[in-house]
Structure formats: C-alpha cells, structure tokens
Amino acid sequence: MSTLKPKFWKPGTDAPGTGLHEERERISEGSGEVVVYNPHVSISIEQQRQRLPIFKHRNHILYLVEKYETVVIVGETGCGKSTQIPQFLAEAGWTAEGHIVAITQPRRVAAVTVANRVAEERGSIIGNEVGYNIRFDDCTDATTTRIKFLTDGVLVREMMSDPLLTKYSVIMIDEAHERTLYTDIIVGLLKKIQKKRPDLRLIISSATLDAEAFKDFFNNNETNDKSKDTSTIISVEGRTYPVDIYYTISPVPDFIKETVNTIVKIHKTEPTGDILAFLTGQDEVENVVSLVIEQARHMSDKQLKMKVLPMYGGLPASEQMRVFERTSKNTRKVVIATNIAEASITISGIVHVIDCGFVKLRAYNPNTGLEGLVVVPVSQASAQQRSGRAGRVRSGKAYRLYTEEDFDKLPNSTVPEMQRTNLATVILQLKCLGIDNVLRFNFLSPPSSKAMIRGLELLYALGAINDNAKLTEPLGVRMAEFPLDPMFAKTLLTSGTFGCSEEILTIIAMLQVQNIFLSPSNQKAAAEKAKRKFSVAEGDHITLLNVYEAYIKCGKSSRWCHEHYLNYRGLCRATSIRDQLKKIAKKFKVKMLNSEGDVDVICRCIVAGFFSNAAKLHPSGSYRTIRDNYTLYIHPTSVLYVEKPPKWVIFNEILQTNKDYMRDIMVIDASWLYELAPHYYQYGTEREIGAKKARLE
DNA sequence: GAGCACTGC
1 MSTLKPKFWK PGTDAPGTGL HEERERISEG SGEVVVYNPH VSISIEQQRQ
51 RLPIFKHRNH ILYLVEKYET VVIVGETGCG KSTQIPQFLA EAGWTAEGHI
101 VAITQPRRVA AVTVANRVAE ERGSIIGNEV GYNIRFDDCT DATTTRIKFL
151 TDGVLVREMM SDPLLTKYSV IMIDEAHERT LYTDIIVGLL KKIQKKRPDL
201 RLIISSATLD AEAFKDFFNN NETNDKSKDT STIISVEGRT YPVDIYYTIS
251 PVPDFIKETV NTIVKIHKTE PTGDILAFLT GQDEVENVVS LVIEQARHMS
301 DKQLKMKVLP MYGGLPASEQ MRVFERTSKN TRKVVIATNI AEASITISGI
351 VHVIDCGFVK LRAYNPNTGL EGLVVVPVSQ ASAQQRSGRA GRVRSGKAYR
401 LYTEEDFDKL PNSTVPEMQR TNLATVILQL KCLGIDNVLR FNFLSPPSSK
451 AMIRGLELLY ALGAINDNAK LTEPLGVRMA EFPLDPMFAK TLLTSGTFGC
501 SEEILTIIAM LQVQNIFLSP SNQKAAAEKA KRKFSVAEGD HITLLNVYEA
551 YIKCGKSSRW CHEHYLNYRG LCRATSIRDQ LKKIAKKFKV KMLNSEGDVD
601 VICRCIVAGF FSNAAKLHPS GSYRTIRDNY TLYIHPTSVL YVEKPPKWVI
651 FNEILQTNKD YMRDIMVIDA SWLYELAPHY YQYGTEREIG AKKARLE
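Just so we're aligned: the first sequence equals residues 1 to 697 in the UniProt record's numbering.
Hints listed in this document are in silico derivations from the structure and should not be mistaken for laboratory results. Note that this is a predicted model, so its numbers are computed, not measured. The beta-carbon is built from N, C-alpha and C at its ideal position, and this holds for glycine as well. It is possible that part of the hints are untrue.
What the hints assert, rightly or not - Here are the computed distance ranges between Cβ atoms for each label pair:
| id | residue 1 | residue 2 | range |
| --- | --- | --- | --- |
| 1 | Asn-546 | Ala-525 | 18 to 24 Å |
| 2 | Pro-411 | Asn-116 | 32 to 38 Å |
| 3 | Asn-220 | Glu-549 | 52 to 58 Å |
Claimed, not checked - Within a straight-line C-alpha distance of at most 16 Å, the following computed EDC-like cross-link-like pairs (lysine to aspartate or glutamate) qualify:
| id | residue 1 | residue 2 |
| --- | --- | --- |
| 4 | Lys-644 | Glu-481 |
| 5 | Lys-586 | Glu-481 |
| 6 | Lys-265 | Glu-286 |
Turn these sequences into a full structure, and let the hints steer you where they fit.
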C-alpha cells in the first residue's frame, strides 16, 4: 500500500500545495486490467516479465505451493500476480498430465483482459494453451487449454457437473478480499473439496487486511505446532507511487459543495494531473458535473482547461467511453464517478482523488424480506482503495472529505455481500452442490439465521425443497441449474404446462436487462411517448413482451431501436440470455409452446412463480403486501402508474428510495393466488395464515 | 409525477 502521511487542510481553504512528480516507464497490472505505460520505451516481453516485483518471489512461491495446501498471497497493485503466478505454475509442471490451473476473477472484463495478456506473453493464441470462460463466451479448448481464467460464477456452475473440480491442479481466487457473493461461495466449497482432494492447491489473492482471516479459515492444523500449518501467507510489494492523504480539520457539512470547492482549488493550485471524485449516486454525479462546469466558466483566461465528465453504471456506453479518451496537454480531465471507479474500471492519468466518504450499498432486511439501497460511510479498506487510484502514474494526492478522527471510526472493511443479500439463490445452489445443512455450511462470514430461514421459506413455498429441507427432484435440482432467481426459474419450468413457454422466456430474459427504455435528458417527452406505444393494461411484463416481439419483427435493427428510444445493446443481451435459458429449458423437456395471443395464461404462469410478491390496493391509494401487510407504491416508471390503479398486483422487485416502490408490476386476479400457491397461503402459524387469508378477501 | 452502487450465472 502507498505510504499514508496524514496531512490536514481546512475545508473551504486552498488545497494543499504541489508535491514532487516522477514519471517512469513501467508495466502495471491491477483489478484485472493490464496497462503498459510509455509504449515508446520498447523492451521484450520477457524483460517486462522479469521486471515485475513478483518475479523475485518466483521460487519461493513455487516452494510454498508445493508445501502448503493453501497459499494466501498479499500482492499489492502492479506486482504482476494475476498474470505471472499461473505461468510460474505451468512452468513448474502443475499443468502436466492434462491438469489445468484455474484463476477466477470477480468480473468478466478482468478474466478476458488478463487471459489475453498471458496468452500474448506466452506467444500463443487465446483459446489454446491459455483461455477464458465467462458467461456467453467460452474461449477454451477441451484438450489443449492449461491456464484458464474464469469468472467466479462460472466456476460455481462447473462444480455442479464436477463437484470435486478434478481437472484442476491449482485454483487461484483473485481479488478474494472483494468478498463477492460467488467468491464467498467458492471459498466455502473449496474448503470442503480440499478434505477430499489433498492434492489440490489453492492460492488466495487478497489485500493485507483479510490475509490472516483467509489463512486461518484454510488452516487445518489443529495442534499448536506451527510447522504443521496447512496454509501460509506471502506478501509481494507492488508498483505504485506514494499517495499523500489529506483529511479535513473539521467535518464537512455538505460533501457535494466541498467536492466542487476541492476540484476548483486543486485546479487553481496544481499545475497538472487529472482528478477523480467519488460520490454515491447518479444524481450527485450529474449535479457536481454541472456545478463544476459552471465554476469553470467563471475562471478567466486559464491556460489549463477542465474537461468535466460523469461516470456511472447507468450511463450509455458511448458516454462512458469518454472518460478513457486522452485529453490534450492543456486540458485537465475531471471525472466525477460513483463507486464504479473504485474497482471495476481504471482511468489512467489520475493524480488527485477526492473521497466523499460514503457509498451506496445494497442492504437486505430479513424482517421484511426487502432489499434496498442505502447510503453508508465507506470502510477503511474502501477509502484506501479509492486513494490508491491516485498513485498509478506518479505520486498523487487523496483528499478525504472527513476528519482523521472520523476515518479511525470507520469499519475496517465492507460487510460481505453474503450478509447483505436475499439468500434464496445461494441456498438453492449450495443444496444442489450437496450441502444439505446450509445452516452449518462453512461460511467465511455466516449470514444471520433470520435471513437463512427467510430464504428456506421461499424455496419451500416454491416447491424447491421439501418438509425436511431437502432439494426436491426434479423441480429443485432443475431450478438450481438456471442462472436465474428461484422465482424466475420456477416460472420458466412451469411455463410448458401453461402453454406459454416462448413468451415466458422472452419476459424473463427482458427482466434480466436493465434500462430497456432509454430516456435522454433532452428528449424525455418523446421517449415517454415512444414507450406508451408498447404499453398495455396488463402491466410491465406484457409491455416488455411487446417490445421484444416488435424488435424481432423489425429484424433486430439498431436503427429501429434508436428511433423508438430502446436500448439496442440491452435487447441484444436479452436475446443471448433468452437463447441460454431456452437451451436449459429444452434439456429439462419444457415444452416450447406459444400461447397464441392468450395473455391470461401468461399472467397466470408468472403468478405461479411470483405469488409471494403479491399486493392489494389500499383505500389510501398505496398497496399492502399479502405476506406482511407492508406498504408499497407503484413506481412512476411502471406502465401501471395510472389514475385508476389495479386492485391486485404482483411485482418483480422493490426499490427503496423516498418510498418503497414496486417495479415491474403485473395485474392479477386474487383467485389465482389461492389456485397457484396453496402451499404459500397455508404456511406459518394459525394466526399468520388467518391474517394472510383475511388480506386476500 | 419519480429517479435506481456494482458485479455475476
């Protein structure tokens, strides 16, 4: 990590002065991307490899992998671990006799870019000796691939057909400290696999903070004799530049304002270096972008101009690309971003980072079963990661918009996703992998039992597990195989008997894609009008079906999409998801049928999976859930946001903002609930059942 | 008449 020299400045005063700059040629790697700086200096690939800090540790790493079942590697940014360790292993014979070395990544782009770099270093074509496997793109060869990069989700899928992962000799879990849902699932499962496969070697790549926890988790030594440890830690220095950290001397009342001020001050006092500011959401980003542009206008005859750009997930791809463009010498790039810039993307040239100290995270409330987004203070680990973004090209500066005292009070690390999510899918997949007692599964961070019970309850209601909490055959097993939430999987598996599987495939695929309807800020009215052409009284599901069918009818034309304010790339994605789901559905002999225009049957089929998300209109105009009598509202983006709201609806998800909104809503008939979900409405204590029934009247 | 961090199968 970069040296942290705490410094202080007063909010509202000039930003601290200029530091020393050094620029040198280097090759860097981190969060999956591989960047070769200064291409004018030409050195051979082999020379480049040998200059990476990890190269000095080659023999020691190989020795540890030989000796220990699990090696935790703390590799700092730019040390070369993701690209070099797999090659060391291959060179040392770990890929002999048909064995494969696997490296998992939390993100698709990372798997692809690192794989390509390694293939290049080995002078081979991607897909032969070195390959990758991500959803919708398997670039490996069944006989020749020896080094395989994959997303952690794909590895979990592989376990379903090969529970002991027999083809792999070594599995490296990269970026394990990010603690994504799938990383945590894999880590728990690998511990189990190790007991049956002592020959398997694990390498866990992690940040300093979590290394000890990973080491302890995998250490099977029950004695006090350290020489019998089965896991160990090795640290490798990185290639980053020092980043000076500045705290405010007093708390900041309004971080939006202070972000703008800090940008202006940096621009006035620092001669060069691009700026990256972290905020929590799209609104804040757009707000700060316009405020800074406004300020820039008031700055007279500046030699150095500012190019202010927003960056967040919902931004159209073409606009996202702008942050990667090089700016001219007399222009400073100022990127205002959400958390997307913390790990998912890397913008080159950043020297100044501004950290507002907050992040928007998903939170799950096991009492209500609702998932929502909440703004919370960042963890120290996150703050460090953000600061580190300033030290990739030369020494940089990070301005934290909070006091050092407040930093000390922040949690060490972010709560793992496993403890912030609805567990139905996780439980279903674990059961499918032979973990019968999920409550006793070896979780790195166990979720609350309340959340577990809530997940089990839903799976039971869907018929995926029986009275003994065992996976049902074939329904439960089949549900687990779909890359879908259990409620969707159930809907799809039932669609054959309803006679509408073609339509259900479309609707489910469309619901997996965000932002199908575009709404450019300057053409809102026209976009709204275009959307209304597809809208129907039954609700959002059938509306999406109409959109997809029209898209197919026009020959999947991108121009047509553009004219109708539809997200072309999103529709392409829906097509590939639909194809994949259809393949799996056919495997399970789901009859491929078209309802021939019978909309009722489609709606009933959806209720067969989504009965637990039912709500009834309340005289106040809001809705109440059947299960918990919880108050919800129709989201204004729904086609059902109309003067005469329907009496009964089911919804796809809940969005918690100012109010608790239902999104993707469909009109139903109350009698369908009794008919299609008898289980669910007979579940619970007498009193609970009585209450549910009363609400159904 | 409101407004959605980010991934992933």
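Please test the hint of 18 to 24 Å on the beta carbon pair from Asn-546 and Ala-525. Given range 18 to 24 Å: holds, Cβ gap about 21 Å.
Satisfaction of the hinted span 52 to 58 Å by the C-beta atoms belonging to Asn-220 and Glu-549: 56 Å, holds
Quickly compare the C-alpha distance for Lys-265 and Glu-286 to 16 Å and report which way the hint goes. Since the Cα atoms of Lys-265 and Glu-286 sit roughly 20 Å apart, the hinted pair is violated (cutoff 16 Å).
Tell me if the beta carbons of Pro-411 and Asn-116 are separated by a distance inside 32 to 38 Å. 36 Å, holds
Can the restraint linking Lys-644 and Glu-481 be considered satisfied, given a maximum Cα separation of 16 Å? 40 Å, violated
Going straight from one Cα to the other, do Lys-586 and Glu-481 come out at no more than 16 Å? 12 Å, holds
Hints 4 and 6, counting from the list given before, are not met by this structure.
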